[in-house]
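2 protein chains.
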Amino acid sequence: MEAGCGVGAQTVTLAQNSPEAQIISIDISEASINEARQRVESKGYSNVHFQQENIFDLPFEPESFDHVFVCFVLEHLLNPSEALSILKKYIRTDGTITVIEGDHGSTYFYPDSEAAHRAIECQVELQKKSGGNSLIGRELYPLLIQAGFKKVSVSPRMVYIDSSKPELVEGFTKKTFTAMIEGVGASAVNAGIIDQASFDKGIADLYRTTEPDGVFCYTFFKAVAEK
Amino acid sequence: MEAGCGVGAQTVTLAQNSPEAQIISIDISEASINEARQRVESKGYSNVHFQQENIFDLPFEPESFDHVFVCFVLEHLLNPSEALSILKKYIRTDGTITVIEGDHGSTYFYPDSEAAHRAIECQVELQKKSGGNSLIGRELYPLLIQAGFKKVSVSPRMVYIDSSKPELVEGFTKKTFTAMIEGVGASAVNAGIIDQASFDKGIADLYRTTEPDGVFCYTFFKAVAEK
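Protein sequence lines correspond, in order, to chains A and B. For reference, each letter of the first sequence is one residue, going 1398 to 1624 in the numbering used here. For reference, each letter of the second sequence is one residue, going 1398 to 1624 in the numbering used here.
Derived by calculation from the structure, the hints in this document are not laboratory data. One should not assume that every hint holds.
[What the hints assert, rightly or not] Cross-link-like lysine-lysine pairs, in silico, PhoX-like; alpha carbons within 25 Å at most:
1) K1548/A <-> K1562/B
2) K1562/A <-> K1562/B
3) K1486/A <-> K1548/A
4) K1571/A <-> K1548/B
[As the list claims (entries may be wrong)] Okay, the calculated bits of chain A under chain B, using three or more residues with CB under 8 Å as the criterion:
5) 1504-1512
6) 1528-1542
7) 1545-1555
8) 1611-1617
In this text, a Cβ means the ideal position worked out from N, Cα and C, and glycines have one as well.
Start from the sequences and build out the full structure, keeping to the hints where you can.
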């Protein structure tokens, strides 16, 4: 089971890398499920079944899955440990779980900039206000232990980017991370977390890290564990 | 050449891993050189020659080294890029350099703590006052490019520690990192950077990350480059 497949960005990779697996991908949003289904079918994969479901109210039989995959989902939940406990019910004895999350507090760069850190902090605060946690990557070990999983093994996946890696400068620093922070600007200013000029300075400083002498670091965390 | 060998902590590893190499290890401190020599001789290695020298005033012939190794040295220098330029002179054509540095700004942990970050910041500020840079790890790429090196390749070496790794909790989080931060407390309070109670709270919060649900992250950076 892929719990919280969203628009299927990871589903395509799962279907491709595990052609022998029968995958059930769920998401709470019907629109996302439809987009994910279209994406996976357009790639020609037929081993994924999509269902609109809520992680906290699943219709499956207990112990009916060999593996559960959860990627970029816990960060949005008020009660991530409870979600893991519930998912655990549906994993067979000795079955496994994979959890992947980012951690915005793992972001640092050269040239360093207080303004850029403050702009990132806006995203962290907004996520917190909406019940989520942008710093959850570092917490995967205690969350999985708390949910009763065994053999919890967490490995960081650090993204280190300097100008010798132009495709990552474009694809990650600019178009993924900075674009995502830039996207919360209006909400952050409206919420009174920051003023527009300070936010703009932070964004400019994030773009500054994409110049030839710039460096950008971010870390994702991957956890695997056994029921 | 090992430039800035200190008391020989890395020299032992170099001598062991490269038994065929003739190593010249230099340091500006005679006391350190003597300690390093004793350490290496006590392990039975005979392929290291020690000399008390200043990186900025070396007596060697240009291009006389195949490789230069610099570990935890640049962080102490006011002019790290100039030091790299000077060392480059002594490397033969197509010879190589290895540079390893930490970066205190790469430190984050669970539970998160503003007080702990402020205690770490004391070390960063004191290092800065004495002309050094505790955030230099992330800067290795631009520093080596600026010094004229080619084929610069930087790889982060992230230390991720949770309670499934008790030897790292003890050996790194407690006895290396937190002990090092704890060691600057008196200087930081004397310099008026922080008050004693706030510093103590920060240290207590760093120790808090070594409890069973705690997590600690730190990243070293290793760069290799060609003349």
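Checked hints:
1. K1548/A <-> K1562/B: 12 Å, holds
2. K1562/A <-> K1562/B: Violated. K1562/A to K1562/B sits at ~33 Å, over the 25 Å cutoff.
3. K1486/A <-> K1548/A: 17 Å, holds
4. K1571/A <-> K1548/B: 24 Å, holds
5. 1504-1512: That given contact holds, which follows from 4 residues of the segment 1504-1512 of chain A lying within Cβ reach (below 8 Å) of chain B.
6. 1528-1542: holds (count 6)
7. 1545-1555: This one holds; 6 residues, not fewer than the three required, reach chain B with a Cβ under 8 Å.
8. 1611-1617: holds (count 4)
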